[in-house]
Amino acid sequence: MDFLKIKPIHLDVLREIGNIGAGHAATALSTMLNKAVDMKVPSVNVISFEEISEMVGGAENVVASVFLRIVGDAPGCMFFMLPVEQAEQLLEDLLVGQTVNLSNGDESDIALSALQEVGNILSGSYLTSFSDFTGLNLQPSVPATSIDMAGAILSFGLFEISAVSDYAIVIDTAFTDIERQDEVKGHFFLLPDPLSFSKIFHALGVPLDE
Amino acid sequence: MSEIIKVGIADINLVSPPNTIRTTGLGSCVGVILFDQVKKIAGMAHIMLPDSSLSKTPTLNEGKYADTAIKSLYDMLIKSGANGKGLKAKIAGGAQMFKFTSGSEMMRIGPRNVERVKEELSALKIPLLASDVGGSSGRTIEFNPENTLLTIKTVNAGTKVI
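Protein chains in written order, with my numbering: chain X, 5 to 214; chain B, 69 to 230.
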């Protein structure tokens, strides 16, 4: 994967994947919570490993996350990440009448299971639209959850990439509550494997110059 | 005033008192500290992958792989006046952040990193004095070259000193 071959049109194509994917996921989230959820314009960046953690408040910042591997024509990693307090609120909205505590390691099984299911539904709808849009065959692995330091979690998605590069292309879409626009509810990170980019670009009719 | 020297991902740095050295958010990555207790000089590497043969880049980032990072940390310490025979090691990290039912090789990267680090240390005849590896928690570690203590902070399992 040669980053020098990537032109603005390629970044636009990736941004559109983030737009369509997260748009569907936001609709799914909105239906689940029965309230309006807004989505920011996706950002597509070629960034160093250090900067990826900075996007979610630094390597040590504690986040709730759902991780899954994408398998099929264009493998990659996907993360749904949100601040712990936001995750607790989201789960309390879902598990009506329950108090959810995700910090200090005393999270309940039902809360973790609900978080995993939320991640499953959201990333499933993201991935389905990604697959429909590109015509590529893409399937999610069973999702895994973790509540821990952002840096420790994100580095897990970097192994495929790290053998090839010190930089990653990250497609990031942030969610906000429609009533509180300034407050970010969560992030979707899509990190395609290095070899997947040419397949994605090819599928969408903008191949990289060889 | 003492300051904290930072070590980024796939990075190597040296430290001497009164400063300390620190790396944040170790997941399946491994933090390796080599130190000379007499000369009071130490260094830390934040390793991502077990072996440089995995590299597919034209230029090799030595700090990224266990085999190359430990050798280059060793060389850096010797150049700065450390006694090669007096070097000792402490390591932390190598967690499995996520548990998957299908155990592909990629998911075992933490344990593989730890195994490789240990092999490299014994090849260089550097005794491993203490380690805190495995588990499923991310770690932030800070080493003090003055008393050679390594402080390990986790989100779910508290703080410990080795």
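Read the hints as simulated data drawn from the structure, not as lab findings. Careful, some of the hints might be misleading.
Unchecked claim - Computed list of lysine to aspartate or glutamate pairs in DMTMM-like fashion (alpha-carbon distance at most 25 Å, straight line):
(1) K11(X) to E92(X)
(2) K167(B) to D136(X)
(3) K167(B) to D113(X)
(4) K108(B) to D79(B)
Hints violated by the structure (listed by number, smallest first): 1, 2
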